[in-house]
Amino acid sequence: MAATRRLGRLEPAALQGVMVREVVNFSSFWRSSTFSSTVDPTIYLLAFGFGFGSLVSTVAGYDYVDFVGTGIVATTVLFSGAFPAMYSTFVKYEFQHTYDAILAAPVDTEELVTAEALWIAARTGVYGCVPMLVAVVFGLDPSWGMLLVPAIAALAGFGWACFGIFIAAKAKSIESFSYWQSGLLTPMFLVAGTFFPLDKLPTWAQVLGNVNPLFHCVELVRHAVFGFEGWEDIGHLAFLIGFALLSWRLAIRFMERKLIL
Amino acid sequence: MECAISMRGVVKRFGPLTAVDGLDLDVPFGTCVGLLGPNGAGKSTTMKALTAQVIADEGELEVLGYRLPEDSKQARAEMGVVPQLDNLDVSLTVEQNLLVFAHLYRVGPGERKAAIERALGLANLGDRRNSKVDQLSGGMRRRLLIARALLHEPRLVLLDEPTVGLDPQVRQELWALIDRLRSEGVSILMSTHYIEEAERLCDTVTIMSHGKAVAIGAPHALIREHAGAEAIEVYGPPARLTDVETAARGRGWRTRRTGTSVSILHSNGATDLDGERRVTNLEDVFVLLTGEEIT
Numbered sequence: 000m001a002a003t004r005r006l007g008r009l010e011p012a013a014l015q016g017v018m019v020r021e022v023v024n025f026s027s028f029w030r031s032s033t034f035s036s037t038v039d040p041t042i043y044l045l046a047f048g049f050g051f052g053s054l055v056s057t058v059a060g061y062d063y064v065d066f067v068g069t070g071i072v073a074t075t076v077l078f079s080g081a082f083p084a085m086y087s088t089f090v091k092y093e094f095q096h097t098y099d100a101i102l103a104a105p106v107d108t109e110e111l112v113t114a115e116a117l118w119i120a121a122r123t124g125v126y127g128c129v130p131m132l133v134a135v136v137f138g139l140d141p142s143w144g145m146l147l148v149p150a151i152a153a154l155a156g157f158g159w160a161c162f163g164i165f166i167a168a169k170a171k172s173i174e175s176f177s178y179w180q181s182g183l184l185t186p187m188f189l190v191a192g193t194f195f196p197l198d199k200l201p202t203w204a205q206v207l208g209n210v211n212p213l214f215h216c217v218e219l220v221r222h223a224v225f226g227f228e229g230w231e232d233i234g235h236l237a238f239l240i241g242f243a244l245l246s247w248r249l250a251i252r253f254m255e256r257k258l259i260l
Numbered sequence: 000m001e002c003a004i005s006m007r008g009v010v011k012r013f014g015p016l017t018a019v020d021g022l023d024l025d026v027p028f029g030t031c032v033g034l035l036g037p038n039g040a041g042k043s044t045t046m047k048a049l050t051a052q053v054i055a056d057e058g059e060l061e062v063l064g065y066r067l068p069e070d071s072k073q074a075r076a077e078m079g080v081v082p083q084l085d086n087l088d089v090s091l092t093v094e095q096n097l098l099v100f101a102h103l104y105r106v107g108p109g110e111r112k113a114a115i116e117r118a119l120g121l122a123n124l125g126d127r128r129n130s131k132v133d134q135l136s137g138g139m140r141r142r143l144l145i146a147r148a149l150l151h152e153p154r155l156v157l158l159d160e161p162t163v164g165l166d167p168q169v170r171q172e173l174w175a176l177i178d179r180l181r182s183e184g185v186s187i188l189m190s191t192h193y194i195e196e197a198e199r200l201c202d203t204v205t206i207m208s209h210g211k212a213v214a215i216g217a218p219h220a221l222i223r224e225h226a227g228a229e230a231i232e233v234y235g236p237p238a239r240l241t242d243v244e245t246a247a248r249g250r251g252w253r254t255r256r257t258g259t260s261v262s263i264l265h266s267n268g269a270t271d272l273d274g275e276r277r278v279t280n281l282e283d284v285f286v287l288l289t290g291e292e293i294t
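For the protein sequence lines, the chains are R and Z, in the order given.
Residues in the first sequence are numbered consecutively from 0, following numbering that gives the first Met the number 0.
Residues in the second sequence are numbered consecutively from 0, following numbering that gives the first Met the number 0.
These are computed hints drawn from the structure, not numbers from a lab.
If you're wondering where the values come from, they're calculated on a predicted model, not measured in any experiment.
All residues carry an ideal CB built from backbone N, CA and C; glycine is no exception.
Check each hint, because a few of them may be wrong.
As the list claims (entries may be wrong) - Cβ-to-Cβ under 7 Å is the rule here; a few derived chain Z residues that face chain R:
1. V53
2. Q73
3. P82
4. S90
5. Q95
6. R105
7. A113
8. R250
9. V278
So that you can see chain R by itself, here it is in the shape it has in the complex (with noise of 0.2 Å):
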């Protein structure tokens, strides 16, 4: 007679587990990771803000600094979110067999990989805020929307951080990122709508950034900070929600071919 009792799924004490194992492995490269997270975006606002905004002063009727102030949050939401989730994905599959580990404890692959991007999603929710940051201190005048720009990032960076460990269990070897990255993130990253607006792009090229999600959380973020214009946002915010399911169940779906044989 087998024993009937069963473990459900997406418990918290799994999650909790997995979460615990990062946490506690990022305090010790949490100097470089925050490093990055926030001097790369921090560098981008100096470069464009101050560069190209001595050439134009105004764009779809923000200053340009609070133009570009608001749409690196974003950019930076996908960098520390899909880059961080597609390469610690694929060297704890690879080489640390850190999977091999945890699915031997009572987590399943569903658990792993939503605490894993629930994790990176934190950490975009408070990366996302540097560039704003440092956008205030440049000019941009402080407002109670910023608020909710973290929880806008986290939302984003947990889409970005199941579509980054998707691609890191579609790859073979960690070259094969290259073609994601260039094939897809930097065209994303360019036609979103962080630096130009695409509103004087042809159509094409609107019609591809509407389907990007980084063109979806700029829009929200920017409207958080100088004012949200209705429905277009809900669907902006339903977009970046639809956006995380999906990656979410992609992420799931494909780890399990990955590491259940």
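Please build the complex by placing chain Z on the supplied structure of chain R, with the hints as guidance.
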């Protein structure tokens, strides 16, 4: 439920390769069972099937009374796994590694400290608690891997090649640790390709070859049954060894070639042969049954 592990007719294929081919395996509670076989015999696949990291194509698996794969998570909560590949977090300290797994194994907040101390004591790593893993020797790392699997005081422990790649002296330290677990009543399934390890530690041994169990029994019983009490080891140039083999087979004895010598088995009482008499061992049994040398 009398068995900690019970497998019936388990089959696992990877494309054209059948890694496990109709395996039956029992680990009665409180015993140490060895899975003995050369590399590629299907031992690691079998171990992975017990944690549902490999899903069997056919057959039935029960671990601690839970059906796999559907109730595997509950089974994993109650057992400890020592992997073949070192998967410690090398940038963390000994104690941090244990802390992480105390969480993963759901040791309650009030008991974590005590569990970690107990594991450190078992592995004799108390004075290295603050050392980073990449500063530890191979033997210490393996002891830490074992300690990590014991944090939640599991009733069943899976050891996949626990001493592979270690010095003989370090290996003996680990044997003492495994023997201690066994004496405390923990059920153990251990895969190994070291004959001596299986002979010393295991109550019963399942010899695997090409994914199948080719013999099951206590080590001494298997030796008696398959190899007899005594072997005669004849040394000489290749031509002489071939002659000896032919002569021995003519008298109905089994032989095995070991590079520089021929072992004649089941020749009990024969006095007319020149050679060294030695006690038979599990390796003789293995080679006789599978035709393979253990590497």
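Hints versus structure:
1. With a cut of 7 Å, the hint placing V53 (chain Z) at the interface with chain R holds, because the nearest CB-to-CB distance is about 5 Å.
2. The beta carbon of Q73 (chain Z) is positioned within 7 Å of a beta carbon in chain R (closest approach about 5 Å), and the interface hint is therefore held.
3. Against a cut-off of 7 Å between C-beta atoms, the interface hint on P82 (chain Z) holds, since the closest Cβ of chain R lies about 6 Å away.
4. With a least beta-carbon distance of about 5 Å to chain R, the hint placing S90 (chain Z) at the interface is held under the 7 Å criterion.
5. Evaluation of the Q95 (chain Z) hint against chain R yields a held restraint, the C-beta minimum of about 5 Å falling below 7 Å.
6. With its C-beta approaching chain R no nearer than about 5 Å, R105 (chain Z) sits inside the 7 Å limit, and its interface hint holds.
7. Here the hint on A113 (chain Z) is broken, as its CB sits about 18 Å from the closest CB of chain R, past 7 Å.
8. Hint on R250 (chain Z) is violated. Least Cβ distance to chain R is approximately 48 Å, over the 7 Å limit.
9. With a cut of 7 Å, the hint placing V278 (chain Z) at the interface with chain R is violated, because the nearest CB-to-CB distance is about 38 Å.
Comparing the model with each numbered hint stated earlier shows that hints 7, 8 and 9 do not hold.
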